[in-house]
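Colleague: Construct the entire structure; sequences and hints are all you get.
2 protein chains.
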Amino acid sequence: MSGDDDIPGIGQYDDFHTIDWQRDIARDRMRHRYIVKKRQDSLWDLIKGAHDAWSGWVCVLLVGVCTGIVAGVIDIGASWMTDLKFGICPQAFWLNREQCCWSDTDTTFDTGNCSQWLTWPQVLGGAREGPGAYIISYLFYIVWALVFAALSASLVRMFAPYACGSGIPEIKTILSGFIIRGYLGKWTLIIKVVGLILSVSSGLSLGKEGPMVHIASCLGNILSYLFPKYGRNEAKKREILSAAAAAGVSVAFGAPIGGVLFSLEEVSYYFPLKTLWRSFFCALIAAFILRSINPFGNEHSVLFFVEYNKPWIFFELIPFVGLGIIGGCIATIFIKANIYWCRYRKYSKLGQYPVTEVLVVTLVTAVIAYPNPYTRMNTSELIYLLFNQCGISNSDPVCDYNRNFTDVNSAIEKAAAGPGVYRAIWLLVLALVLKLVMTIFTFGIKVPCGLFIPSLALGAIAGRIVGIGVEQLAYNYPKIWLFSGECSTGDDCITPGLYAMVGAAAVLGGVTRMTVSLVVIMFELTGGVRYIVPLMAAAMASKWVGDALGRQGIYDAHIALNGYPFLDSKDEFQHTSLAADVMQPKRNETLAVITQDSMTVDDVETLLKETEHNGYPVVVSKESQYLVGFVLRRDLNLAIANARRTMEGITGQTVVIFAGTTHQQLAPPPCLMLNRILDMAPITVTDQTPMETVVDMFRKLGLRQTLVTHNGRLLGVITKKDVLRHVKQMDNEDPSSVLFN
Amino acid sequence: MSGDDDIPGIGQYDDFHTIDWQRDIARDRMRHRYIVKKRQDSLWDLIKGAHDAWSGWVCVLLVGVCTGIVAGVIDIGASWMTDLKFGICPQAFWLNREQCCWSDTDTTFDTGNCSQWLTWPQVLGGAREGPGAYIISYLFYIVWALVFAALSASLVRMFAPYACGSGIPEIKTILSGFIIRGYLGKWTLIIKVVGLILSVSSGLSLGKEGPMVHIASCLGNILSYLFPKYGRNEAKKREILSAAAAAGVSVAFGAPIGGVLFSLEEVSYYFPLKTLWRSFFCALIAAFILRSINPFGNEHSVLFFVEYNKPWIFFELIPFVGLGIIGGCIATIFIKANIYWCRYRKYSKLGQYPVTEVLVVTLVTAVIAYPNPYTRMNTSELIYLLFNQCGISNSDPVCDYNRNFTDVNSAIEKAAAGPGVYRAIWLLVLALVLKLVMTIFTFGIKVPCGLFIPSLALGAIAGRIVGIGVEQLAYNYPKIWLFSGECSTGDDCITPGLYAMVGAAAVLGGVTRMTVSLVVIMFELTGGVRYIVPLMAAAMASKWVGDALGRQGIYDAHIALNGYPFLDSKDEFQHTSLAADVMQPKRNETLAVITQDSMTVDDVETLLKETEHNGYPVVVSKESQYLVGFVLRRDLNLAIANARRTMEGITGQTVVIFAGTTHQQLAPPPCLMLNRILDMAPITVTDQTPMETVVDMFRKLGLRQTLVTHNGRLLGVITKKDVLRHVKQMDNEDPSSVLFN
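Respectively, the protein sequence lines represent chains A and L. Note that the UniProt record's numbering has the first sequence beginning at 1, numbered continuously upward. Note that the UniProt record's numbering has the second sequence beginning at 1, numbered continuously upward.
No false leads were mixed into what you were given.
One copy or any two copies: either way a pair holds, since identical chains are not told apart in the list.
30 Å max Cα-Cα, derived DSSO-like pairs, lysine-lysine: (1) LYS700 / LYS728; (2) LYS609 / LYS622; (3) LYS38 / LYS728; (4) LYS349 / LYS336; (5) LYS229 / LYS700; (6) LYS721 / LYS700.
Keep in mind the hints are simulated off the structure, nothing from the lab.
Modeller: Written out as structure tokens, the structure reads:
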């Protein structure tokens with residue numbers, strides 16, 4: 001089929017290596033041409049050809065379906081176990097509180113307490129209310145949280161260490177063309193799903209949205225092995241992984257378009273337009289399947305559906321931009337503190353006790369969180385509460401206004417805030433501080449944990465507080481010209497829930513530095529078509545403040561902290577260095593080269609032993625170093641071993657011939673022809689090429705290395721590692737921090 | 001500031017030339033570094049630096065605002081002039097029918113006839129109804145249509161020939177890095193706006209959406225000259241143009257997200273992520289401004305707002321996919337016939353009489369369209385009518401069901417279609433055929449014309465007919481298991497309007513081969529959040545049918561017809577040819593090269609006279625053709641002319657020196673140093689490089705040419721023209737059809 005397949009193992013990559021996009025895509029095109037040619041031969045080949053043509057679509061379809069199902073399982077499991085901390089449904093223990101109460105018609109639903117559902121004090125035979133019941137509930141809450149967290153951390157530690165964290169930094173690195181074996185494997189998948197359910201249920205300050213991207217990517221990786229086109233070609237596999245990442249966000253938020261844009265903007269690297277369409281299909285199928293499973297039992301396909309659709313007032317852009325600035329500051333505090341703590345964990349003894357750390361964090365979180373109703377409740381519920389308007393059915397203290405509802409359909413009148421609102425504000429401030437501190441310590445512990453939901457919650461709290469402030473200002477000073485137009489009718493012209501939404505977007509934007517995808521996700525998440533402009537204003541302000549205070553988003557900061565070899569396609573290379581400054585070898589060293597037709601097997605093996613390069617340029621001769629091609633260390637090793645095994649008369653003195661057709665006749669008979677493993681078309685640059693062009697070529701063409709020439713003569717090599725080190729050096733960072741062999 | 005600026009004119013491009021993306025971006029980075037360095041010098045430089053940093057955002061803001069305003073002007077103008085064909089508001093002739101009737105409270109609005117508004121028979125003192133009035137109306141309709149069309153065609157012919165057509169094929173070509181001077185100039189802008197209002201009002205089967213993209217791009221081009229960063233750098237200017245194209249679609253459909261995706265998927269070529277964010281901003285501002293102008297006087301920001309939100313039934317996917325197939329077929333018929341007719345026009349005498357052609361097409365359209373109410377009405381109104389559900393207020397024959405509305409809020413019951421519906425179906429079939437035929441002849445005539453709206457209308461008609469069929473099937477055979485679940489309650493379970501929407505998406509998808517952007521535009525256009533899956537199914541089916549029946553979408557077909565040098569980034573290069581097969585010169589010719597230090601001014605000028613290449617490789621010497629660099633013809637001409645003008649002692653015998661530092665001392669004193677115009681870092685490939693890699697490099701790096709070497713020795717050159725010709729040749733098309741000098 002192709003030269004690569006003659007020698008087993010050629011065309012694969014080692015762990016922690018960078019892939020060569022050009023070569024992989026060329027291999028795929030060769031395979032494709034072979035199949036197209038064969039198609040005319042027989043019906044079986046025609047079917048194989050059709051299978052090959054459809055396999056991309058079938059694969060993303062399967063990924064979408066599986067992602068939707070897994071997301072449904074996680075949602076149902078996490079919801080049941082979260083409620084288990086508070087009580088149980090004795091008649092049907094597998095039901096969560098909401099489902100338990102459905103069968104019970106005699107209570108109002110919104111308090112969440114019905115006679116079917118027993119809290120732990122009741123199960124133990126005590127009263128539902130009272131100090132005793134409170135203490136028993138408190139203790140049960142803590143114990144369950146510790147049990148869940150301990151289980152989650154132990155599972156991760158024992159079976160799949162790669163299952164911890166959000167996984168998005170690693171997936172960004174993998175999609176940029178890096179191999180981490182096992183990171184997207186089946187054990188990681190299973191443990192991540194189970195661990196995620198447990199860690200979400202433990203009440204830690206974390207979300208399930210980031211890990212959903214990792215889980216979907218695992219599914220994409222595993223399912224791609226069903227289709228050799230993708231499973232055996234690392235570059236093509238990344239098309240499936242991009243689509244899977246989109247499906248992950250799609251099910252996490254019920255936002256298919258936002259998921260595709262997230263994949264495009266944030267995680268993907270190589271994103272041809274064909275992938276855009278497939279990603280959209282994958283994301284849509286996943287969202288559709290999840291909606292059909294309907295784990296939340298409500299008819300809205302959006303997570304935090306908002307019912308209001310009131311126009312915002314133009315001057316409100318000022319508080320919205322203010323919220324953006326606040327969001328940017330909160331995000332910067334979070335990123336800096338979290339990176340500081342993660343660095344401390346990495347280089348201190350703390351890193352050796354991951355389970356203990358998880359238990360301590362869980363204990364502290366549970367003890368502090370329980371007394372405050374806003375931290376005790378599920379974070380998603382908190383966000384939903386804060387996003388919403390105070391309607392007739394909302395009895396939370398945050399809606400304790402001095403107004404009487406007479407008619408469900410009438411407009412909500414302006415009203416002064418009651419004492420409940422002021423108490424709620426204080427509790428929300430406490431919740432904000434607690435969540436911020438706990439999330440700093442939580443993101444990075446060795447359980448599956450995401451930070452979309454905690455970030456949204458931080459922003460929603462800040463936004464709601466600002467919103468109530470503006471609302472009361474409008475109520476108390478209706479004569480100010482700002483409020484005079486829209487607020488003069490007596491209706492409530494300011495919607496504090498909208499401020500919560502805008503604040504949530506601001507903090508999430510500051511933390512992740514997402515832009516378009518953030519706005520689209522928020523818009524799909526809430527169904528608020530009208531509020532794109534406010535969301536955009538806040539996201540922009542937040543991103544600018546974040547960029548001014550600290551260069552990197554949380555994912556890029558974690559990539560840098562872990563030293564992943566990620567060449568960011570968003571950063572522009574701003575320096576004036578030339579290829580000659582970056583290439584190896586430096587002035588006083590010599591370049592390890594192979595000559596095209598004058599080295600023996602022994603010479604080559606000595607070179608392979610003495611040097612550790614991943615590849616060697618092949619030149620005309622030692623004296624005239626004009627470039628002929630490039631050969632990979634791995635291929636060379638495999639080819640020599642294969643020749644020794646299969647061919648006769650291969651000794652240490654056999655001459656190795658690399659060159660093309662013209663030299664075949666010239667060599668003496670006992671020679672080893674290795675022209676099949678020689679890359680005759682290596683990418684070259686001249687020594688005077690500006691590094692910005694070289695960096696651009698590495699990014700856009702997905703190179704592993706480029707050869708540097710001057711007037712046709714080979715001078716040296718630039719590998720991706722050299723580029724990454726050079727970028728770090730130019731940015732005044734430690735160039736040795738790049739993990740790479 | 002940089003070497004480029006020493007000699008005036010260097011760094012610019014000639015008309016119909018390809019730009020060199022790498023060089024332009026390098027120039028911009030150099031400019032940026034210079035500004036950053038200067039920033040510390042003085043306050044003035046600091047302000048200049050800040051201005052430079054912000055100019056991208058300010059520019060897209062201005063583009064967004066202007067696009068919104070211009071779109072408002074076009075909407076208002078076209079609406080007034082369209083109504084002028086039917087009558088006039090005598091008390092205030094500048095009002096259209098809708099505005100005229102606002103002031104009139106004594107009539108129901110929906111018929112559009114009020115006592116304030118006079119039809120032409122009434123103006124002439126006749127009756128409103130009756131055969132006489134009908135004939136007078138008919139005549140006025142035809143005369144006005146001819147006047148508008150004649151004006152539009154004459155304006156285009158006299159002042160701005162580039163203003164005709166939709167402009168999207170040309171904008172795709174320009175964004176891919178081609179220079180067409182004047183295509184985005186101010187005259188084109190003015191004539192396109194005026195001509196568009198006239199041609200839309202003339203009742204021709206065309207839309208204003210495509211031309212809006214061209215108009216927005218003109219605005220982007222003109223406004224970019226306010227900011228030297230963009231105006232003087234063709235590569236950077238294309239970032240603004242991409243954002244402008246997004247704004248154009250955004251105002252055309254009120255779909256900012258869809259506009260950005262359209263720009264990304266369909267028209268843009270070089271689309272860094274920074275551009276994504278700016279495009280979104282630009283599109284949002286444009287939509288916001290247009291909504292503030294509110295030309296339609298309704299509160300919905302979406303063009304064809306649908307009020308229904310009923311779930312679709314799973315089995316309905318079958319008719320939806322069927323509509324996709326029908327849509328793909330209609331689209332293929334349209335594309336093939338239109339291209340056939342356009343080719344005929346191009347190569348026959350017909351092309352010499354553009355105004356006559358416009359008048360004939362207008363006359364035929366007007367004569368046939370008037371008697372059928374569905375072709376007489378504005379196409380947007382027709383689409384709106386077909387998309388909507390038959391509610392209590394809808395008195396059109398298409399809603400003539402045997403049902404009685406008792407309560408506005410109650411569900412719509414299932415009902416048998418009345419005679420009006422059957423008559424309407426016949427008229428719709430006639431309208432479908434007429435519109436299809438007329439659009440084939442209309443798209444390509446020399447007035448501004450787009451085909452989004454005609455395509456949507458064709459699909460909406462086909463979809464509505466299919467929808468009524470399925471609905472009546474469900475009414476007559478409610479026992480079939482397919483209908484048994486959802487349709488058993490007596491409510492109307494099938495929404496024909498949804499079928500119209502799906503059909504519209506199918507035809508538009510088949511014509512343009514848009515995918516994600518199409519679904520997002522339809523979703524934003526109608527506000528139908530629920531219907532993404534049906535829209536997607538139809539769009540996919542339509543695209544696949546279209547791809548199977550004919551390879552290209554309408555824009556790509558027009559690009560090929562006009563021979564624009566567009567290297568499609570979506571088509572994969574499938575062949576096995578090597579760089580050696582494509583490069584110039586072929587075997588028997590010699591390559592025109594310049595030596596680095598042994599040619600005189602006369603030698604160089606002789607070479608420039610004898611050859612017509614746009615650039616020349618510079619080699620070590622005639623004997624040892626190792627590559628030193630590359631020099632452009634234009635730069636060489638300018639540099640020699642400049643040297644003759646400014647330097648003393650330049651004669652024909654002066655030696656021209658290109659090489660770098662080492663050779664400066666060796667040359668005799670009267671020599672001409674041209675190392676500043678020498679590109680020391682040309683992109684090279686080896687002769688064994690597969691063409692797929694070369695094509696990839698041309699696309700991703702935006703090259704103008706690449707040099708081909710073998711073992712360091714220069715063999716030849718591959719220009720973009722060679723690549724385009726080779727692609728055409730491999731696809732069995734005429735390679736000489738590429739327009740290129």
